[in-house]
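S.K.: In the order they appear, the protein sequences are chains A and B. Counted from 1, the first sequence has number 107 at position 107 by the numbering used here; the numbering is strictly sequential. Counted from 1, the second sequence has number 237 at position 237 by the numbering used here; the numbering is strictly sequential.
Honestly, the hints are just simulated from the structure, not real lab data. You may find that some hints are simply not true.
[Claimed, not checked] Ranges between beta-carbon positions, derived for each pair: (1) T157/B x R82/A: 51 to 57 angstroms; (2) P79/B x E142/A: 37 to 43 angstroms; (3) P149/A x T58/B: 42 to 48 angstroms; (4) D22/B x D42/A: 14 to 20 angstroms; (5) E25/B x A60/A: 27 to 33 angstroms.
For every residue, glycine included, the Cβ atom is placed at its ideal position computed from N, Cα and C.
Below, each chain spelled out in residue letters.
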Amino acid sequence: MTGMDPARRLRPVPDALGGEDLNILLALVARGDEAAFAQFYDLTGRMLFGVVLRVVRNPALAEEVTQEAYLDIWRLAPRFDRRRGSARSWASTIAHRRAVDRVRAEQARSAREEDDAQRSPQRYQPLVDMADSRIDATLVREALDELSPAQRDAVVLAYFGGHTYREVAVLLDVPEGTIKTRIRDGLIRLRDRLGVTP
Amino acid sequence: MSDATELHLLAGAYALNALDPDERELFEAHLQDSRSSQQDVAEFQETAAVLATAAAATPPSSLRADVLDEIRRTRQQSPLPAVASAAATTGPTPNAGGSSRDRWRSLAAAAGTTLVTAAAVVLVAVGAWYVTRPDPSDIDDSIKEAENVENVDALLTAPDAVVTTLHASDAGDASDVPTTTIKVVFSSERGQVGVVAGDLDAVDDGVTYALWLIDDSDAATAVGRFVPHNGDVSVILDVNDAPDHAAGWGVTVEPHGELGPPTPPVHFTGTS
Chain A
1 MTGMDPARRL RPVPDALGGE DLNILLALVA RGDEAAFAQF YDLTGRMLFG VVLRVVRNPA
61 LAEEVTQEAY LDIWRLAPRF DRRRGSARSW ASTIAHRRAV DRVRAEQARS AREEDDAQRS
121 PQRYQPLVDM ADSRIDATLV REALDELSPA QRDAVVLAYF GGHTYREVAV LLDVPEGTIK
181 TRIRDGLIRL RDRLGVTP
Chain B
1 MSDATELHLL AGAYALNALD PDERELFEAH LQDSRSSQQD VAEFQETAAV LATAAAATPP
61 SSLRADVLDE IRRTRQQSPL PAVASAAATT GPTPNAGGSS RDRWRSLAAA AGTTLVTAAA
121 VVLVAVGAWY VTRPDPSDID DSIKEAENVE NVDALLTAPD AVVTTLHASD AGDASDVPTT
181 TIKVVFSSER GQVGVVAGDL DAVDDGVTYA LWLIDDSDAA TAVGRFVPHN GDVSVILDVN
241 DAPDHAAGWG VTVEPHGELG PPTPPVHFTG TS
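All chains should be built: construct the whole structure from the sequences, respecting the hints.
M.R.: What follows is the structure in structure tokens.
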């Protein structure tokens, strides 16, 4: 499970979501093509709603945040630069950031409301439940399984938990620098395992 | 967190949106100068996107109609921003080779916002800089002046020397506070520019002041960096491929590393 051999499993992720199609569609969206945007939505809706839902947890809130994310995608499409990454990566970064911004804002608000009343310990799902996902899920689960448990926890808490690495450090009770490194090393391993290229 | 290596380690956390706002901003500034961090961020964001696909879940069917309805009523942003929207989440644009140029004035006008996107400033010269600073213990105002004069004297004797005074671009509402100015002495012939100032605010670790030469088309070219010592600056910067004249000068605060596009806000500016 932790035996690492970088050459062993370097294979591309099956492009279930049509990565190149997305790049082309987004270029059309950038010119105000609403039909292309609808197609873009059809190809990315499950991914973006899924990741937002994973972070915010509340389905009604997830719907709202996903809508905001799509509005961002529409507005900012003219600035999408393929040289900096794929449309899929760009869109999921936008949606994920929308989600974490929302939970952090909520967190700050409820922290204020609670005033100095004792804060409830933060709860989190220890590992991702990927029962709902499709073809990529198996690959991703395998790749996650190959991380050290410490790396996996750090990546999962940060990404799906929507926590900052500082928060992750508190949750896991390890120094911030350690979490920073675990996230980075974990992502490097995932990248290599999944054969990801921008 | 003053050091580029240290910042480089944040690429993973950045790609997972796991930085505090302050650190995010710091890192984005660093990103503009660091090709290797840009590469890491791109790959890590791509990796995160695969994680996202694994979390896929079917949204309520009403969402599609809502989204499509909303975009019809929403204007798209310009593809050529002077300043990136805070919501442009994928990080700063790497230098694109300088095919276009940022307009300095639009940058100056956008003081206070986040990041300059593109790349666009052509980086003609990054001059080596040096500070001639005597033992600070024997500095009083007059000596300070004298030293400044001495230091920049050689430049002032150049037949083509031009002196420009830069003013704080945003004095805020503290109008009763004496405004700090920066004097810039430029000699095209010598390919040098002198920077003299007193009472400058100190800068944090990890950043310095940077001087920009503004040309007639309002494009800014990086000249070099300087840091005040006890508020004083007296430095000479080399200007490679110096133009005949400068339309103006600007001063920003920039993180360490290669000088990329200027980072708002513009702290001082003046026209020759």
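S.K.: Take the hints in turn and mark each one as holding or not.
M.R.: Status of the hints after comparison with the structure:
1. T157/B x R82/A: 51 to 57 angstroms: 53 angstroms, holds
2. P79/B x E142/A: 37 to 43 angstroms: Once the Cβ atoms are compared, 40 angstroms apart, the range 37 to 43 angstroms for E142/A and P79/B holds.
3. P149/A x T58/B: 42 to 48 angstroms: 31 angstroms, violated
4. D22/B x D42/A: 14 to 20 angstroms: 38 angstroms, violated
5. E25/B x A60/A: 27 to 33 angstroms: 31 angstroms, holds
Hint violations for this structure: numbers 3, 4, all remaining hints satisfied.
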